[in-house]
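As they're listed, the protein sequences go chains A and B. 74 is the number of the first residue of the first sequence in this note's numbering; add one for each residue after it. 74 is the number of the first residue of the second sequence in this note's numbering; add one for each residue after it.
A few of these clues could be false.
Copies of one chain are not kept apart here, so a pair can be met inside one copy or by any two copies together.
Mimicking PhoX-like on lysine-lysine, the simulated pairs with C-alpha atoms at most 25 Å apart in a straight line are [claimed, not checked]:
hint	residue 1	residue 2
1	243	266
2	478	405
3	267	145
4	353	425
5	478	204
6	131	291
7	405	430
The hints are simulated quantities; they were obtained by calculation from the structure and are not laboratory data.
Number of protein chains: 2
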Amino acid sequence: MSFDEAKNAIHQKIKPEPLGEEEVPLLEAHNRVLTQDVTSSLDIPPFNRSTVDGYAVKAEDTYGAEENTPAKLKVCGTVNVGEPPHISLAKGEAAEIVTGAPIPEGADACVMIENTEKLGDVLLVYRAVTKSENVMKKGSDIKKGETVLKAGTVLGSSEIGVLAALGYAKAKVFKVPVVAVLSTGGEVTEPGKKLPPGKIYDINAYSLSAAVLEAGGKPVCMGVVPDDKAQLRRALEYALASADMVVTSGGVSVGPHDLMPQTVGSLGEPGLIVCGIAVKPGKPTTVALVGRKTVFSMPGHPTSALLLFQLLVRPLIQGFAGRPVTGTSVVKAVAGARMFSAKGRRTFVMVKLNREKSGRLVAEPVETGASGAITTLAKADGFIEVPENEQFIDAGEEVAVLLLKSA
Amino acid sequence: MSFDEAKNAIHQKIKPEPLGEEEVPLLEAHNRVLTQDVTSSLDIPPFNRSTVDGYAVKAEDTYGAEENTPAKLKVCGTVNVGEPPHISLAKGEAAEIVTGAPIPEGADACVMIENTEKLGDVLLVYRAVTKSENVMKKGSDIKKGETVLKAGTVLGSSEIGVLAALGYAKAKVFKVPVVAVLSTGGEVTEPGKKLPPGKIYDINAYSLSAAVLEAGGKPVCMGVVPDDKAQLRRALEYALASADMVVTSGGVSVGPHDLMPQTVGSLGEPGLIVCGIAVKPGKPTTVALVGRKTVFSMPGHPTSALLLFQLLVRPLIQGFAGRPVTGTSVVKAVAGARMFSAKGRRTFVMVKLNREKSGRLVAEPVETGASGAITTLAKADGFIEVPENEQFIDAGEEVAVLLLKSA
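All chains should be built: construct the whole structure from the sequences, respecting the hints.
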């Protein structure tokens with residue numbers, strides 16, 4: 074199956090639709106995705122507010138006021154901020170007011186304190202104001218019923234502020250897809266313990282769990298499952314029951330202990346939908362569907378596993394999370410060496426990006442293969458795609474580098 | 074004080090150095106920052122491994138083997154994956170082996186199963202192998218003592234994988250700076266409750282807490298503190314005692330209830346270091362230092378508060394977190410209208426980015442000011458800086474837009 078056929082098979086069988094909604098406290102909604110349009114249930118501001126420190130007045134009482142011919146008004150009281158005004162202005166009256174306080178009944182403008190002088194309860198106004206001057210009208214920022222945020226918005230600091238402004242202490246957001254991640258292979262063992270002879274430390278359960286986080290999912294890191302058919306089956310059944318998706322690694326080749334394809338294929342209908350892909354690296358990648366849940370079985374090689382995850386799994390997790398499906402970020406660079414495609418297979422060449430003094434960004438291939446399992450992970454910034462029908466990309470050609478480091 | 078003077082005052086008085094280190098479980102270290110270089114305490118792989126399914130052999134026993142003249146070897150046993158080999162090869166012997174299993178003593182190469190035929194305990198080898206062929210040598214990926222990750226690295230999925238490979242179940246990372254966030258103002262009240270008459274909902278405690286998250290800090294959202302000198306002082310003392318930095322908003326103008334500057338200035342030495350900045354918006358911004366802890370007092374207007382946070386606070390939080398200080402991201406665009414600077418003040422114009430059909434990115438000013446508190450937050454993508462010494466930026470000029478949405 075070619076890479077495009079595999080992508081099509083996945084695309085046809087698995088709809089990357091959001092998994093549901095939940096309501097969470099406002100700050101926990103940060104970086105989550107709104108499930109519905111948010112409409113204001115109130116006018117903002119909810120009342121006419123003063124935008125200055127000074128006096129609320131009837132504008133017409135100030136008409137003609139100038140430095141030499143001030144208007145004379147009677148101070149009839151004070152309006153406090155944060156309280157409904159308990160006074161009402163009659164003709165010729167003014168009320169002390171501060172920024173943000175509600176305009177009292179009878180007033181229709183505010184005079185800045187700098188343009189006044191108070192003598193006992195007499196106020197001299199040295200500058201006329203027009204109707205509504207220094208007043209922020211009710212609903213002038215947002216009208217009741219107005220749609221302020223759209224469904225599908227990823228909530229950043231501004232949007233969290235908008236929701237608070239509308240009075241929301243919670244937000245309805247899409248559920249975060251839960252992704253179980255497990256490693257198989259008789260040779261892998263948990264980090265943090267002494268390394269038994271003949272073993273190597275498990276990488277993939279950790280790197281793939283972290284990649285799930287970066288894609289907007291919640292990983293359940295199940296660690297290493299022993300290379301035993303019954304135990305693997307039990308672990309997969311548990312993973313399917315407790316998560317929305319399962320990502321495994323290892324055990325997908327054809328060796329005697331590579332139980333993965335037959336085991337995941339027998340877990341339920343419709344079963345295997347992709348069984349090997351004509352790509353390099355990552356050829357043995359297997360995808361099975363059990364009911365509506367997907368099991369992605371990646372190769373054991375850490376870089377291949379992470380690469381195929383970015384290509385195939387990340388967009389699905391984003392879709393399940395209700396996020397815009399961005400795939401991987403891309404930068405343009407110049408190939409630092411000739412890069413060959415494997416005969417008849419879509420080839421992905423891991424590269425490190427170097428910025429030359431001239432400012433040119435150069436993509437240098439990083440050794441992968443058997444002996445570069447960890448050094449490749451440590452060094453590679455991304456990868457370059459070489460199409461099946463091209464023999465190579467030549468040194469100096471402009472290339473698109475798909476970035477592995479999305480954090 | 075000009076904007077540059079304010080930045081210099083902050084830069085001279087506050088060293089944005091990491092606050093300390095802690096050890097966290099590996100997956101929790103995702104998107105955190107390494108405090109020290111990580112050196113491998115083991116060779117990887119820790120033993121010579123087979124890279125194929127087949128037979129471990131002495132290479133010289135296969136020399137000359139071809140399709141018509143196979144080498145004949147005696148199968149002396151099996152090497153399992155994940156276990157130390159219990160056998161040792163004598164001349165003329167071969168041992169069954171799978172990918173990843175350790176090469177047994179006496180063997181120095183592996184033959185792929187495809188190139189063999191087994192008849193009882195006799196193995197026919199149809200293709201010669203050279204010494205070390207199909208063997209991944211001990212330490213060939215990483216040598217014991219090699220530095221694999223550098224201090225200051227932000228841990229993404231690849232780096233988490235590298236740490237697992239080296240056997241680490243925990244990582245030493247910089248502490249996350251704790252930032253207390255509180256709002257003041259008699260007119261603001263907590264979202265989630267019925268809006269009392271004369272009040273508006275608090276925005277800044279939420280938007281600034283979310284901005285702290287985006288900068289790599291841990292917000293402690295203290296909500297609204299009443300506009301009372303004693304209560305404000307108690308709240309600030311509590312905030313200083315429980316957090317590494319404090320960000321307040323509101324109460325920094327000159328009105329009768331604007332207690333913030335005098336209160337934060339009296340909390341301890343050295344006290345106020347910035348008291349008003351010649352910027353628009355954000356003029357009343359105040360910065361005080363109490364011992365080694367900083368109190369940033371932002372204006373009450375939500376967009377101004379968020380803007381000044383991005384300009385002044387975000388780089389400090391990044392520094393305290395041991396992160397690269399990136400400030401805000403920048404995109405190039407074309408000014409969609411003439412934008413004026415406020416006389417003698419560094420002016421920041423909030424803009425929305427629109428991509429025209431031609432592909433041109435246009436920065437359209439968004440109305441701010443008194444009546445645009447929430448609509449500005451909802452609409453603005455970023456801001457443009459207009460220098461003090463320029464009257465305006467003209468429509469059509471190329472401008473740098475500093476992005477507000479960093480999530």
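Here is how each hint holds up against the structure:
1. 243 x 266: Only across copies: residue 243 and residue 266 sit 11 Å apart there, 42 Å inside one copy, limit 25 Å.
2. 478 x 405: Result: close both inside a copy and across copies, 15 Å intra and 24 Å inter.
3. 267 x 145: neither (89 Å within a copy, 40 Å between copies)
4. 353 x 425: For residue 353 and residue 425, only the intra-copy Cα distance (18 Å) is at most 25 Å; the inter-copy one is 43 Å.
5. 478 x 204: Cα proximity of residue 478 and residue 204: none, with 57 Å in one copy and 38 Å across.
6. 131 x 291: neither (59 Å within a copy, 48 Å between copies)
7. 405 x 430: both (17 Å within a copy, 23 Å between copies)
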